[in-house]
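In the order they appear, the protein sequences are chains A and B. Counting in our numbering, the first sequence runs from 22 upward without gaps. Counting in our numbering, the second sequence runs from 9 upward without gaps.
Do not take every clue at face value.
[Said to hold, decoys possible] Mimicking EDC-like on lysine to aspartate or glutamate, the simulated pairs with C-alpha atoms at most 20 Å apart in a straight line are:
(1) A:122 / B:397
(2) A:122 / B:247
(3) B:15 / A:114
(4) A:135 / A:173
(5) B:227 / A:96
(6) A:135 / A:125
(7) B:521 / A:114
[Stated by the list, open to error] Here chain B is said to cover these stretches of chain A; the calculated rule only asks that three of the stretch's residues, wherever they fall, bring their Cβ under 8 Å from a Cβ of chain B:
(8) 91 to 100
(9) 105 to 116
Since the hints were derived computationally from the structure, they do not count as laboratory data. The C-beta atom is built at its ideal place from N, Cα and C for all residues, glycine as well.
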Amino acid sequence: MDYILDVQNIHTFIGQYHILQGVDVRVPKGSITALLGRNGAGKTTTLKSIIGLTTPREGKVIFDGNEVQGRRPFEIASMGIGFVPEHRAIFRDLTVEENLKLAERTKGDYLRKKEFIFNLFPDLQRLITLSGTSLSGGQQQMLAIARALVADNRLLLIDEPSEGLAPVIIEHMMSAIRQLSSESTIVLVEQNFLVASQLAEYYVIIEEGHSVQAGKMKDLVNDKAAIHRYLGAA
Amino acid sequence: MNTYIRKNLAFLITLSVIVALFFVAAQGMDDQDFVITLLRGLSVGSLTFLVASGFSLIFGLLDVLNLAHGTLFMIGAYIGWTVYVRPDTFVDLLTPFALTLSGFALRDVYPLLATRIRLGLSMKRLVPRALILVSLLIFGFILPRYPIAIWNVENYGESPVTYAFMASQGTRLPAPVVAFTEISAPLALIGLLLASLIGTFGLSLFGNETQYKTNVSGKTFLGFVILLVIALGSFIFNDAITVMLLGLNSNWLFLISVVVAVLSGAGLGALMEATLIRPLYSRPIYQLMLTLGLSAVGIEMVRAIWGRPEFVMPKPDFFSGTGGVCPATNFADWWANNCSIILLWDGRVRVYNEIFIPLIGVIVLISIWILLQRTRLGMIIRAGVQDREMVEALGINVRRVFTMVFSLGVGLAALGGALAAPSMGLSNAMGESLFLNALIALAIGGLTNYPGAALGSVLVGLIQQFIIKYGQIGIPIPFTDILFKPTPPLVPASTVLLMVIILLILPNGLLGKKE
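The whole structure should be built from the sequences, with the hints applied where relevant.
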């Protein structure tokens, strides 16, 4: 199969703590892949290790055929990876429009993508002059995703898109993410198994810093034992 | 609007109390005293602002408390003075400086070389140190032998004090003539270039556990080529450039000296960030000690090069006219005669100190504001102040922005120094007192808030000047006939008092935001 992202046995330390102790993630082109696991298992660190915010000490991260581990985050991102962090990280002192413009990699990205973005999230268009502070949680999440869409990214890393959102807004977010998957490949970290199972085609389960199980989501949904063991959900 | 008032009640009350106090203060003095004190306050405030704004930009984005900022302000003043009073020394220094810096311009090339060389573990520790040592030895051999026409701190007749005095009298002391006698010129030039390359390569091998990969293109070599051109140009045309600078009218020379001071400050800042600060981002305490140490080193270096005595920098002709209709009574007269003093409400206002400096302060305030609000760089800075990692994850090279901001901040301090030299005079202590002012101003205004830095600086400048003025004329205490005259120690104390009161009411400063 054609993998756009191939993470091979990475080990990542944060300070002296050995957080990732051998994680493999293979992401087929054009798919949605969910990273599953309990709190503190290392899902977010895996995303950060891919984009370079934490540097893996061992192992390889291959994006589109290039080894990227050890490169600086801005270089890795510039190769075509969009990052939507947990808690959104909207820039408070910037307006919504500036938040989007900041994500430009070549001049005019924002103007080019504007229509696409506002089609996906019509709410953002009327908020354009507001500052990041005045947005609700759902609006911040939309903006965080929109920000990753301004540049031409072939891979989107999305951390906890449903966290702290009302069910109606989660629905909206899910349909948006589904729409996006036709344009680019998506890696998703999701606590809410129901959301993850409806969105993703593939999954990787991370448990205490190891990737323990991977495969197709439709197989996992029927594997009650694995779900119970690794995710604690019924 | 209502919610705005409710949210910022404490700020609005504090500000109105300050404004009220200010008007009460005005009642006790004549119009002319009031105008002059006000303008002096704005002047001190502007200089404070130039230091404070740079400091706060650096602190906001990089989280670096640059305790050497006051020293860099002072160095800016001394560099400006040197270019203005001794252009020959400045031209002589250009070549060795450009060559020394040239190695840094190739920093993106070194990682490429480094990956080609495979070294054992012990060699990996040894080689960088050995390279730096070799480079320092070459520098140590060549630089003392390099001919530079400089003053002599030991001998009063040739000291900066005398040069400064003679220049302020309008006659220049003849510049000493120097030539390559102790070392041959080609050897000196090639040696400096090699030493710079070796040293910077050695530096680049340090502290990179994960070797970052960089891309090399033609642009990488651009800075290097420019520096080489400057070095060779100023070497070949040394005399011609000196004669040209000496022949310039003093206004142009002043402008050049300010520009050179700002550029050197910016370069020094970039150098500091890239070599000393950058390896210590993960260790804030070490960083604090480093900048504190650098400040001491800077002061001692200034003492060694320019000596301890205070001296003045003459004002350019544009601000030093006398005779004729001077002091001018209106701006047309002033413009025609370039009077050093203009009469406003019968007060004798020194144009350079009390009008020009505040004017530059306002221009800098506005231009940096535009830079922050209207440009992409400003957007990156504002975003980076909040979350550097996210900015980097968007594909922006934050480290380069760090270097730019550090260099901008130090450049602003150097601008302040170069502007202060003709009004405050040059002394080893000029940086420290102003830096203290700047820190208090930032605490008052809100540590990383840009308009706050301006507001705080102006308040600090005003309160100091008003206390000084009242030290001369006395404050009549209401309902008594006591005339209270604040003593000089109360001048710095008053600013600290203001800071304490404001921080008690508004812990984040006037315009600071809650963290």
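Here is how each hint holds up against the structure:
Of the pairs offered as hints, the one joining residue 122 of chain A and residue 397 of chain B holds, with about 17 Å between alpha carbons and a cut-off of 20 Å not exceeded. For the hint pairing residue 122 of chain A with residue 247 of chain B, the CA-to-CA distance comes to about 51 Å; that exceeds 20 Å, so the pair is violated. At roughly 18 Å between alpha-carbon atoms, residue 15 of chain B and residue 114 of chain A fall within 20 Å of each other, so this suggested pair holds. A hinted pair counts as satisfied when its Cα atoms are at most 20 Å apart, and residue 135 of chain A with residue 173 of chain A qualifies at roughly 12 Å.
Restraint check for residue 227 of chain B and residue 96 of chain A: the C-alpha separation of about 17 Å stays at or below 20 Å, so the hint holds. As the CA atoms of residue 135 of chain A and residue 125 of chain A are separated by approximately 11 Å, the hinted pair is consistent with the 20 Å bound. Among the hinted pairs, residue 521 of chain B with residue 114 of chain A is consistent with the structure: their alpha-carbon atoms are about 11 Å apart, no more than 20 Å. With 8 residues carrying a beta carbon less than 8 Å from a beta carbon of chain B, the stretch 91 to 100 of chain A meets the three-residue requirement, and the given coverage holds.
Closer than 8 Å: that is the beta-carbon criterion, and the stretch 105 to 116 of chain A has 6 residues meeting it against chain B, so the requirement of 3 holds.
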